[in-house]
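Chains as they are written, first to last, in my numbering: chain D, 79 to 520; chain P, 656 to 821.
No lab work stands behind these hints, which were simulated from the structure alone.
Check each hint, because a few of them may be wrong.
What the hints assert, rightly or not - To list a few chain D residues with every Cβ distance to chain P over 12 angstroms, as calculated:
| no. | residue |
| --- | --- |
| 1 | Ala148 |
| 2 | Ala161 |
| 3 | Gly162 |
| 4 | Arg185 |
| 5 | Ser263 |
| 6 | Pro345 |
| 7 | Ala428 |
| 8 | Ser430 |
| 9 | Thr432 |
| 10 | Gln446 |
| 11 | Gly457 |
| 12 | Val501 |
Unchecked claim - Facing chain P, according to a computed beta carbon distance under 7 angstroms, are these residues of chain D, among others:
| no. | residue |
| --- | --- |
| 13 | Arg264 |
| 14 | Leu296 |
| 15 | Ala298 |
| 16 | Ala408 |
We put the beta carbon where it would ideally sit given N, CA and C, even for glycine.
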Amino acid sequence: MKTFSHTLGVALLSASVVLSACGGGSGESSTNSGINWPASASWPVTPTPPSPPVDTSNSVPIVVDTSMDAVNQPSVTVTLCPAGAPNNSQCVTVTNMLVDTGSVGVRVASSALSPALNAQLLTQVGATDDKVGSAPIVQCALFASGFTWGPIKRADVILGNKKASNIPIQVIGDGGYTAPDDCTSRGGPDLGPLLGANGNRAFNGIVGIGHFVRDSSLAAKSVIPAGYYYCPTTDSCTGTRVPLTRQVMNPVAGLATNNNGTVIRLPALPAGGQVRVTGQLIFGVGTQANNALPANANILQVDGNGLFTTQYQGRAIINSAIDSGTNGYAFSDATIPTTGEWYTPPSDQALSATMASTNGTGNPVMVQFSIGNATNMMGSGYAAYDNLGMYLASLPVYDVSTNNMLSEEGFLWGLPFFYGRSVYTVLENARVGTQAGPFVAF
Amino acid sequence: MRFVKIALAAATLLPLTSHAVLGGAPAAGSSAPVSLRATRQAASSTASTASASSASVATPAYSTSAYSVYESRDADGITVREYVLPSNVVFALTWQGPVRPDMKALLGNYFSNFVSAGEERLRGTGTLIQHNGELQIESAGRPGHFFGTAYLPRLMPADLRANNLQ
């Protein structure tokens, strides 16, 4: 608690500076409901403190609505500027950026930027295996659903009142470079053409706020296929290692303060879902009043890929994550009827599973959840559903050396898990109280 | 570990294009002769006990009367398992590794099904599951750790889904 109190004090101190700097704070700072001040906090000023104004300058609104072109897709608005620009004249504000705790870094559709900004963003060079050192670095970023292809640029990334200065981001689909065969053959679906404006809908990019500061520790050490490339010319790209400092960066880690993680806070949903949901993406964990980690929080240490173990119906599933970028609960239960990818039980299924860190630290956490009929619920055309599930199958495999069953099975706690909760995503190398990151808590 | 070593040895000898193609025969390097497989114990409760001394080619990691499973692991740390019918046709694949394997090589003509499944509509960065059509695919994971399954329902042994992990 000592560290926490100290941090809190510093945060409040800096918060007051921020508030005065913006002329008294925004209108959002008037409410402080739901804040539980630590009972043991020793205030240096007075034993009966007046309710201090709550500094919310470390948060931005999250919206879940149908403009993202898919259900359960949380988004934020981001402003991108040329690195080091003296004023905001070249900046572009981009809405509909997916909040993704399952990846790291800002990736934006070129079409969502102005031509001027596209031209102003600094080109990232200096790949490890680029002997000349001046070739642009271009990335094939793999996701479960496909890949994004495009150059790494440096930009100032502004989230609400906070800025990550001069961090590498990916600009998707600028047409500048031809994706190599090993990118397309491993990537599969190209997400680039799906991004950007689509009538009155848009999915303009990704704000990856996962547990890690940089995109790929692996790519810093070895050349991995469908990873980073250096491209001396537009159609000759060669796979390369890239130093961590030149890789796409978690924008939260790039903030000057409140940079040790995030809180995603979404309201609980009514039965049947909700047409539109607003919540908060809060920067920092345990750094100020609105992001304190409760003493009774469930804490799960995650591994080097942000994963933990979920036990479901007697099976220990090591490919498990709490992931805001996955739009349903994704797991395998052959007893629940499906339609296409979705679970469609005749009535809501009350289920439970137990989360635990894969390395055995901490306490297991039993979580109850519900799976409803996807066809019926999505008939409403809403954007947010808290009981949407999909069948993520598995096939039986034995390891002959151990005679043990192996499994590629996964259990993903997608956005439905986030409704009605505060989910804390703490970064590697960070510490909240006595708890070292990376961990996820709720 | 013995099997893994064999698989590793085999993998290093084989170019990636020698992987099995879904709907076709398994690659020469990762498959044992049909007669060899046919002699394996068809038991659902025990894994086949392939030993290093008895085989100069990779042997199934697992075998039943309905299908055999072959495993390979490449230099990038990607494990691919091929599910093969007694008729020597691959009906399912699984993968797991820090990057996705060469899906074009693994899926063959079905690669375009994978691409169209992902490009027909947006579903964020998360799991891609396509259960409609001839190819069923589940592509999951995140940067640094991918896994998934692709299979052809028309070739799937009847009891496999029902016996999910049993």
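Please settle this one: D/Thr432 was flagged as non-interface, so is its CB more than 12 angstroms from every CB on chain P?
-> holds (17 angstroms)
Measuring Cβ to Cβ, find out whether D/Gln446 lies farther than 12 angstroms from everything in chain P.
-> Non-interface label stands for D/Gln446: nearest chain P Cβ at 22 angstroms, farther than 12 angstroms.
Classify the label on D/Val501 as holds or violated, using whether its beta-carbon is more than 12 angstroms from each beta-carbon of chain P.
-> holds (15 angstroms)
In terms of Cβ atoms, is chain P entirely out of 12 angstroms range of D/Ser430?
-> Correct as stated: the minimum Cβ-Cβ distance to chain P is 18 angstroms, above 12 angstroms.
Does D/Leu296 pass the interface check with chain P, least Cβ-Cβ distance below 7 angstroms?
-> With a minimum Cβ separation of about 6 angstroms from chain P (threshold 7 angstroms), the hint on D/Leu296 holds.
Grab the minimum beta-carbon distance between D/Ala428 and chain P and tell me whether it stays above 12 angstroms.
-> holds (21 angstroms)
Minimum Cβ-Cβ distance from D/Ser263 to chain P exceeds 12 angstroms | Violated: least Cβ distance 4 angstroms, not greater than 12 angstroms.
Identify whether the interface hint at D/Ala408 stands, where standing means a beta carbon of chain P within less than 7 angstroms of its own.
-> holds (5 angstroms)
Against chain P, run the beta carbon of D/Ala298 and see if the smallest gap drops under 7 angstroms.
-> Violated, about 12 angstroms.
Confirm or reject the statement that D/Gly457 sits farther than 12 angstroms, beta carbon to beta carbon, from all of chain P.
-> holds (17 angstroms)
Beyond 12 angstroms from each Cβ of chain P, as asserted for D/Arg185 = D/Arg185 is in fact no farther than 12 angstroms from some Cβ atom of chain P, at 9 angstroms.
Interface hint outcome for D/Arg264 [beta carbon to chain P under 7 angstroms] | holds (5 angstroms)
Violation of the numbered hints given earlier is confined to hints 1, 4, 5 and 15; the remaining hints are satisfied by the structure.
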